[in-house]
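In our numbering, the protein residues as written are 81 to 631.
No wet-lab data here; the hints were simulated from the structure. Among the clues, some could well be false.
[As the list claims (entries may be wrong)] Calculated lysine-lysine pairs in the DSSO-like style (CA-CA distance at most 30 angstroms, straight line): (1) Lys623 x Lys314; (2) Lys403 x Lys576; (3) Lys318 x Lys403; (4) Lys403 x Lys433; (5) Lys516 x Lys468; (6) Lys623 x Lys317; (7) Lys516 x Lys372; (8) Lys433 x Lys576; (9) Lys314 x Lys516; (10) Lys114 x Lys516; (11) Lys114 x Lys379; (12) Lys314 x Lys612; (13) Lys516 x Lys163; (14) Lys576 x Lys317; (15) Lys612 x Lys318; (16) Lys623 x Lys163; (17) Lys372 x Lys612; (18) Lys433 x Lys397; (19) Lys114 x Lys403; (20) Lys612 x Lys623; (21) Lys457 x Lys468.
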Amino acid sequence: MKLSRREMLGFSAGLLTAMISPAWAQATKNTNGKRILRVAVPALANNGTLATLREQSNVGRRILPSIVEPVIATDVLGDLSLKPGIAQSWRRINDRVLELTLRQGVIFHNGDELTAEDVAFSFGPQVMFGNTQPNRGEGAKTIRLDGGKVSKTRGPQCPPEVAAVGRRLWPSLEAVKVIDKYTVQFVNAIPDPTLEGRLTRIGCEVISKRHYEQANDWQAWAAAPVGTGPYKVKEFKKDQHLILERHEQYWGGAAELEEVHFVEVPELASRLNGMLADEYDFATDIPTDQIKTVEQSGKLEFVGGPIQNHQLTCFDKTHPVLKDPRVRLALAHAIDRQMIVDMMWDGRTVVPKGLQFEFYGPMLVTEHSTPAYDPEKAKALLKEAGYKGETIPYRVLNNYYTGQVQKAQIMVEMWRAVGVNVAIQMVENWSQIYDKSTQRGIRDWSNSAGFNDPVSSLVQQHGPNGQQQQMGEWSNEEFNQLSGVLENSSDPQERKRAFARMLQIAEYEDPAYMVVHQTAAFYAKRKDINWKWSPTFYMDFRKGNTSESTA
Numbered sequence: 081m082k083l084s085r086r087e088m089l090g091f092s093a094g095l096l097t098a099m100i101s102p103a104w105a106q107a108t109k110n111t112n113g114k115r116i117l118r119v120a121v122p123a124l125a126n127n128g129t130l131a132t133l134r135e136q137s138n139v140g141r142r143i144l145p146s147i148v149e150p151v152i153a154t155d156v157l158g159d160l161s162l163k164p165g166i167a168q169s170w171r172r173i174n175d176r177v178l179e180l181t182l183r184q185g186v187i188f189h190n191g192d193e194l195t196a197e198d199v200a201f202s203f204g205p206q207v208m209f210g211n212t213q214p215n216r217g218e219g220a221k222t223i224r225l226d227g228g229k230v231s232k233t234r235g236p237q238c239p240p241e242v243a244a245v246g247r248r249l250w251p252s253l254e255a256v257k258v259i260d261k262y263t264v265q266f267v268n269a270i271p272d273p274t275l276e277g278r279l280t281r282i283g284c285e286v287i288s289k290r291h292y293e294q295a296n297d298w299q300a301w302a303a304a305p306v307g308t309g310p311y312k313v314k315e316f317k318k319d320q321h322l323i324l325e326r327h328e329q330y331w332g333g334a335a336e337l338e339e340v341h342f343v344e345v346p347e348l349a350s351r352l353n354g355m356l357a358d359e360y361d362f363a364t365d366i367p368t369d370q371i372k373t374v375e376q377s378g379k380l381e382f383v384g385g386p387i388q389n390h391q392l393t394c395f396d397k398t399h400p401v402l403k404d405p406r407v408r409l410a411l412a413h414a415i416d417r418q419m420i421v422d423m424m425w426d427g428r429t430v431v432p433k434g435l436q437f438e439f440y441g442p443m444l445v446t447e448h449s450t451p452a453y454d455p456e457k458a459k460a461l462l463k464e465a466g467y468k469g470e471t472i473p474y475r476v477l478n479n480y481y482t483g484q485v486q487k488a489q490i491m492v493e494m495w496r497a498v499g500v501n502v503a504i505q506m507v508e509n510w511s512q513i514y515d516k517s518t519q520r521g522i523r524d525w526s527n528s529a530g531f532n533d534p535v536s537s538l539v540q541q542h543g544p545n546g547q548q549q550q551m552g553e554w555s556n557e558e559f560n561q562l563s564g565v566l567e568n569s570s571d572p573q574e575r576k577r578a579f580a581r582m583l584q585i586a587e588y589e590d591p592a593y594m595v596v597h598q599t600a601a602f603y604a605k606r607k608d609i610n611w612k613w614s615p616t617f618y619m620d621f622r623k624g625n626t627s628e629s630t631a
């Protein structure tokens, strides 16, 4: 039975009838005047660790910057511009070398002062790169791991999958040189105009060298890494909760809160009911159809908006039907993105100009756009490709992304309207999403812009070392060659031409994905807490952003 336009957008979030156990709330009631903030989240960590190079996820981005910090900070509550942090200043020596002067008096959670030795160690083979080697000018290429051992003194060696991510973030980093106690130089093997931006993103934080070397194994270290953030790990129980306690010697000033408790509550109804019952102070991943429920309580408010992340649907071109790019392009033309934004998100986010962000500034390709909603063109492309109604699998997680199941159901109906047979397969985790034992087809994903350059998204997530190519879903020779131009050219016009061409390849000529809409992050929160949300996934509870309202 074909659903009408109204019916396909009428999926309800359901009645909020599920109640939660009060056990956790009883354990976290404020006692002896201690200020504790309780945050209900659908998930804590995809991979069960607090290591940023392992937890390259949206849920990780929410909590990990409170524990560990990148070398260069960004204005996470403003325009995301670069600002002093651990590094109080920096300067270019040449197109391959960036020198940074570190802030003095930055104290790790274990009481040690951060020095240049910690920075160099954090970006060394034992922590980040394993036995991988930098690209020395061969163009963008896939990093291969040979399983060899890294020469080291004490402490664990990073797992191969961590080294692969390290090289994805830093394909050509050759060395980090210690100049003196508070000065380091990042030395690239080849020119890179994005060194400053790379130092701001998740995965590029500084950890305590001494603490890492004292760890018994990598997993034990990853459960409670010692960084310089405003909070330190007090207790982490996978799939249950993460308790952070205030870092009294934080260089930016001790936070107003003494503890922040992130509690894993997968069900939306339970998160909202917990808020209404005063079990939590914040709840994340709240869809816009719950605004009325939140605001009618009188004590809660609904906050949030678009963030630097896009919702995508990715294609596996090894699928017998999807190997034809015309079928993939037809799938993109069949989706009415603006209708999804208006009806699912109350118009509170936007359909972007493809996989790019406004804060790219001069690198933004303004003339580019996502494939337009055009059902007739979609039908024509399917006819040209000889599509005969074969089933295409669509693997979907149970609302890992806010409203994910509802959006998937809507898109399946839109595809059905142009004659495409897409079947949803509900799966439990990301391993099942990527499982190759059965034929893959379509999946959901999201892409963040880690810094204000297209390298941070298009190259790092879809280039030769990006996850989509590493998982064997998609590859394109010209796209990969242009990835090298985008990463290494010092000519702004050449870089922009390369970027524009890459968007054309990945979204029209040989579609790797289709952008659906810009992600929006919404929260339910107590009205009496003055808190500003960030245009990133990060929930900032530093000093000055958690004061109590006097109203």
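For each hint, the structure was consulted:
1. Lys623 x Lys314: holds, 19 angstroms
2. Lys403 x Lys576: Holds, at roughly 29 angstroms.
3. Lys318 x Lys403: It is violated: about 39 angstroms lies between the C-alpha atoms, which goes past 30 angstroms.
4. Lys403 x Lys433: holds, 25 angstroms
5. Lys516 x Lys468: Cα-Cα ~24 angstroms, so holds.
6. Lys623 x Lys317: holds, 26 angstroms
7. Lys516 x Lys372: Between Lys516 and Lys372 the Cα gap is close to 43 angstroms, so the pair fails against 30 angstroms, i.e. violated.
8. Lys433 x Lys576: holds, 15 angstroms
9. Lys314 x Lys516: violated, 38 angstroms
10. Lys114 x Lys516: Answer violated: Lys114 to Lys516 is near 50 angstroms, above 30 angstroms.
11. Lys114 x Lys379: holds, 21 angstroms
12. Lys314 x Lys612: holds, 25 angstroms
13. Lys516 x Lys163: Violated, because 43 angstroms separates the two Cα atoms, which is more than 30 angstroms.
14. Lys576 x Lys317: violated, 45 angstroms
15. Lys612 x Lys318: Holds, at about 28 angstroms.
16. Lys623 x Lys163: With a Cα-Cα distance of about 17 angstroms, the restraint between Lys623 and Lys163 holds, given a limit of 30 angstroms.
17. Lys372 x Lys612: holds, 21 angstroms
18. Lys433 x Lys397: holds, 23 angstroms
19. Lys114 x Lys403: Violated, because 59 angstroms separates the two Cα atoms, which is more than 30 angstroms.
20. Lys612 x Lys623: holds, 12 angstroms
21. Lys457 x Lys468: holds, 17 angstroms
Consistency with the previously given hints fails for numbers 3, 7, 9, 10, 13, 14, 19, ordered from lowest to highest.
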